[in-house]
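*Asks:* Going down the list, the sequences are from chains A and B.
Using the numbering used here, the letters of the first sequence map in sequence onto residues 1 to 441.
Using the numbering used here, the letters of the second sequence map in sequence onto residues 1001 to 1441.
Quick caveat, the hints were computed from the structure, so don't treat them as lab data.
Heads up, some of the hints might be wrong.
Straight-line alpha carbon distances no greater than 20 angstroms define the calculated EDC-like cross-link-like pairs of lysine to aspartate or glutamate that follow [as the list claims (entries may be wrong)]: (1) A:Lys173 x A:Asp24; (2) A:Lys199 x A:Glu162; (3) A:Lys376 x B:Glu1243; (4) B:Lys1374 x A:Glu162; (5) B:Lys1374 x A:Asp237; (6) A:Lys435 x B:Glu1361; (7) B:Lys1143 x B:Asp1131; (8) B:Lys1088 x A:Asp24; (9) A:Lys410 x A:Glu361; (10) B:Lys1437 x B:Glu1361; (11) A:Lys176 x A:Glu162; (12) B:Lys1037 x B:Asp1172; (13) A:Lys239 x B:Glu1354; (14) A:Lys368 x B:Asp1172; (15) B:Lys1043 x A:Asp41; (16) A:Lys374 x B:Glu1361.
Below, each chain spelled out in residue letters.
There are 2 protein chains.
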Amino acid sequence: MTVRNSLFSTITNIFERHGAVTIDTPVFEMRDILSGKYGEDSKLIYDLADQGGEACSLRYDLTVPFARYLAMQGKKDAQQMKRYQVAKVYRRDQPIMTKGRLREFFQCDFDIAGVYDPMIPDAEVLKILCDALDAVHIDFKIKLNHRQILDAIFQVSGVSPENIRSISSAVDKLDKISWSEVKKEMMVEKGLDESTADKIGVYVEGLKGKDTNSLLDYLQKDQAFMANPSAVKGVNDVKLLLEFLDIFQVKDRVHLDLSLARGLDYYTGIIYEAVQTESQGVGSIAAGGRYDDLVGMFSGTNKKGQPKTIPCVGVSIGVERVFSILMARQNMEKIKSNATQVYIVSVGDGLLQERMALVNELWKAGIKASFMQKNKPKLEKQWAACEKDQIPFAVIVGKDELDQSQVRIKDMRIKDATQGGGTTVHRKDMIETLKSKIAML
Amino acid sequence: MTVRNSLFSTITNIFERHGAVTIDTPVFEMRDILSGKYGEDSKLIYDLADQGGEACSLRYDLTVPFARYLAMQGKKDAQQMKRYQVAKVYRRDQPIMTKGRLREFFQCDFDIAGVYDPMIPDAEVLKILCDALDAVHIDFKIKLNHRQILDAIFQVSGVSPENIRSISSAVDKLDKISWSEVKKEMMVEKGLDESTADKIGVYVEGLKGKDTNSLLDYLQKDQAFMANPSAVKGVNDVKLLLEFLDIFQVKDRVHLDLSLARGLDYYTGIIYEAVQTESQGVGSIAAGGRYDDLVGMFSGTNKKGQPKTIPCVGVSIGVERVFSILMARQNMEKIKSNATQVYIVSVGDGLLQERMALVNELWKAGIKASFMQKNKPKLEKQWAACEKDQIPFAVIVGKDELDQSQVRIKDMRIKDATQGGGTTVHRKDMIETLKSKIAML
Chain A
1 MTVRNSLFST ITNIFERHGA VTIDTPVFEM RDILSGKYGE DSKLIYDLAD QGGEACSLRY
61 DLTVPFARYL AMQGKKDAQQ MKRYQVAKVY RRDQPIMTKG RLREFFQCDF DIAGVYDPMI
121 PDAEVLKILC DALDAVHIDF KIKLNHRQIL DAIFQVSGVS PENIRSISSA VDKLDKISWS
181 EVKKEMMVEK GLDESTADKI GVYVEGLKGK DTNSLLDYLQ KDQAFMANPS AVKGVNDVKL
241 LLEFLDIFQV KDRVHLDLSL ARGLDYYTGI IYEAVQTESQ GVGSIAAGGR YDDLVGMFSG
301 TNKKGQPKTI PCVGVSIGVE RVFSILMARQ NMEKIKSNAT QVYIVSVGDG LLQERMALVN
361 ELWKAGIKAS FMQKNKPKLE KQWAACEKDQ IPFAVIVGKD ELDQSQVRIK DMRIKDATQG
421 GGTTVHRKDM IETLKSKIAM L
Chain B
1001 MTVRNSLFST ITNIFERHGA VTIDTPVFEM RDILSGKYGE DSKLIYDLAD QGGEACSLRY
1061 DLTVPFARYL AMQGKKDAQQ MKRYQVAKVY RRDQPIMTKG RLREFFQCDF DIAGVYDPMI
1121 PDAEVLKILC DALDAVHIDF KIKLNHRQIL DAIFQVSGVS PENIRSISSA VDKLDKISWS
1181 EVKKEMMVEK GLDESTADKI GVYVEGLKGK DTNSLLDYLQ KDQAFMANPS AVKGVNDVKL
1241 LLEFLDIFQV KDRVHLDLSL ARGLDYYTGI IYEAVQTESQ GVGSIAAGGR YDDLVGMFSG
1301 TNKKGQPKTI PCVGVSIGVE RVFSILMARQ NMEKIKSNAT QVYIVSVGDG LLQERMALVN
1361 ELWKAGIKAS FMQKNKPKLE KQWAACEKDQ IPFAVIVGKD ELDQSQVRIK DMRIKDATQG
1421 GGTTVHRKDM IETLKSKIAM L
């Protein structure tokens, strides 16, 4: 938890640098809110038992609850909002500890809701993602695509509208299985004819390895593709986004990748995924995109019968995966899990009441202090407790010191004999002496 | 969440001052772990639906999961531990918003596990409770009792062993209903004869209003009572505890109250409840006690067939209730929910790219900065955004400033005309100037 809390506070500091506020939503939502939002993964949702009352399920992510929250607010205040949330989500999945995949795990989301001019919030979300991953020293790159570019690819290749989402999920598997397997799935399971599959292959497989500028050039010269209105919208969005990312000095982290599809149903614009480039196995560590219609599913309609939606763009950082990378790097011995600064040590006759009075004085001064909760603790046990928790200072008290209103202060980080039994200070100077030593830690 | 997070960090700072570490436990536990621990309130536990796999329930408090955790650790490390946890618990109860009673709510627990000399950890837990409630400026007093004093009262009054827990729950209602009603419940519902009920009444009702010292004197002079071994143990514990609380300078906050019973089954020693004395309605804001046998219920037995228990003492702070008291005091207008320090304002022609470059420079310097995500925002809208979020400084940029590599910095807290359009600084001095202004906030 010490490592985890430091990870959370590093990331949330970045969010707050960008003016974000945090909200809290319940761990369970009405079951209807969650259904139909997660494609094939809906089977992983945990339900609460029927004990009377509403049918509820545990939240599967933080995005759908945020959209539900925005729809419920209804007030003008919620129309524009930068929010972050670090909270647990629940999936009835097969746990894989080494990949940081659990049934209950933290997610860390940042989203910008509201109507702004094109691609400005999208650029800020990607900037924040880069800053957050840099702050925790992860090597990564971001794969970028656009739902409307993908849709245009499927349309110009000849996929019928009702098959687009299902063909899209097949393409989404290209980072795990080969093109020939994906092609087979599209043809055998999803009934696509081979010429259509091959046309899709030209874009999602044939252009692999091209850099972002070459890819954009290629697409813009493809007259059949650019005749599709979705294609024009998608390409223009990506070009404007890259312009802004250049100003934010993160353009080189982002790579257009036409095979990135993202399984979730609710994305409508750009989509992206951060993958770590440091080691194999962990893979995706953050993902997100623009979802302009999700809030509208919960918010009812306006006088014209249109949903009162609020456009949103956001990212979920898979903090458990980041955490498992950080833990693999950590020297566990060196993690100091408590913050204690001073340990009271008695020499000789126990002196319980005197130790309690001393520790009380330190607490009152705001110093993090502790003592052995025994009437007559052995000296070596007290030193051992001090060592174990890596407590930097000891206040030593014995009968002689008490008689002269003194204590001895010892710097526990000095392992040689230079300081002997510590420095003797007058009891009334103890707090000031300790405070100045602590200030230099 | 801004008020809530500041409440949490105030309280957890106190816990850390005492050397506590935090742990995290899952939101659901195996159903068996929770059953039989909460007396009559077990009906309030939320169950997960049976979707295959283990039968699970949502946690009802943080104490039972902590005991389960201690039992599972098994290692010597976990034998002595100061832990705190701020997390949500779940109860299928009728919500009462004004009292801060919800179905999902945060609890804030501090516990000391392990074998120490008598009453030392008990005194530290009460000291921490006092310091935590003082730190959030709540007026309170602590009612104290001891399970063994209560048991002795019931025994010397003639209650049979198997009825003690049920009679104890009846007595627990004395802070809500009158003695005559409690007496009626004991006689009618629980079949107690009147002379036994009256004997109990002498202690739990007849001694009301006596201060702690008089009560202890009374009990110690009561020969029939002191002939009971539980009574002797209980009275001696309380006397030693008060001696330690005196050293910790919180003795005057604690009042022995023989009618305090606490409904939960797992307490074995001292029990206590903090009630706020500032206003009516909220009542109990923290409660706890010693529970020496709970870990043993999960830990199996040793070679002699005895449970391998770990004695514990702790407290749960009802942070939702504290939160509702704090919110009632707050001037909502004055809560600054985001931390933004600088807002970039453009005068004239939009200057989107220039504003983005400026905000990027501020972010890089770690300054919390924001700008209006519009191509050509109106000046008054930018000032309004600045006002709404109470952002202290504005960096103003227009065509003239750009041409001369300058910006203007305006202190938004100064409402009169003294600073005109702000102070002009060279672009290269912007960060340093802002940093020194922010340092003086």
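*Asks:* Indicate, hint by hint, whether the structure satisfies it.
*Replies:* Right, here's what the structure says about each hint:
1. With a C-alpha separation of about 33 angstroms, the suggested pairing of Lys173 of chain A with Asp24 of chain A is violated against the 20 angstroms cut-off.
2. Simply put, Lys199 of chain A and Glu162 of chain A have alpha-carbon atoms about 18 angstroms apart, close enough for the 20 angstroms limit, and the pair holds.
3. This hinted pair checks out: Lys376 of chain A and Glu1243 of chain B have alpha carbons roughly 17 angstroms apart, not beyond 20 angstroms.
4. For the proposed pair Lys1374 of chain B and Glu162 of chain A, the alpha carbon gap of about 36 angstroms is over 20 angstroms, so the pair is violated.
5. Under the criterion of a C-alpha separation no larger than 20 angstroms, the hint pairing Lys1374 of chain B with Asp237 of chain A is consistent with the structure, at around 15 angstroms.
6. Between Lys435 of chain A and Glu1361 of chain B the alpha-carbon distance is near 37 angstroms, which puts this suggested pair outside the 20 angstroms criterion.
7. Pair hint Lys1143 of chain B plus Asp1131 of chain B holds up; C-alpha atoms about 16 angstroms apart against a cutoff of 20 angstroms.
8. Restraint check: the Cα-Cα separation between Lys1088 of chain B and Asp24 of chain A comes to about 11 angstroms, which is no more than 20 angstroms; the hinted pair holds.
9. For the hint linking Lys410 of chain A to Glu361 of chain A, the alpha-carbon distance of about 18 angstroms falls within 20 angstroms, and the restraint holds.
10. For the given pair, Lys1437 of chain B sits about 17 angstroms from Glu1361 of chain B by alpha-carbon distance, which is consistent with the 20 angstroms threshold.
11. A threshold of 20 angstroms between alpha carbons decides the hint, and for Lys176 of chain A with Glu162 of chain A the separation of about 25 angstroms lies outside it, so the pair is violated.
12. The straight-line distance between the Cα atoms of Lys1037 of chain B and Asp1172 of chain B is roughly 17 angstroms, inside the 20 angstroms bound, and the hint therefore holds.
13. About 18 angstroms separates the Cα atoms of Lys239 of chain A and Glu1354 of chain B, which keeps this hinted pair within 20 angstroms; it holds.
14. Proximity of Lys368 of chain A to Asp1172 of chain B is assessed by CA-CA distance (about 37 angstroms); at most 20 angstroms being required, the pair is judged violated.
15. Distance check on the hinted pair: Lys1043 of chain B and Asp41 of chain A sit about 33 angstroms apart at the alpha-carbon level, beyond 20 angstroms; violated.
16. For a cut-off of 20 angstroms, the pair hint linking Lys374 of chain A to Glu1361 of chain B is broken: about 56 angstroms separates their Cα positions.
The structure does not agree with the numbered hints 1, 4, 6, 11, 14, 15 and 16 stated previously, though it agrees with the rest.
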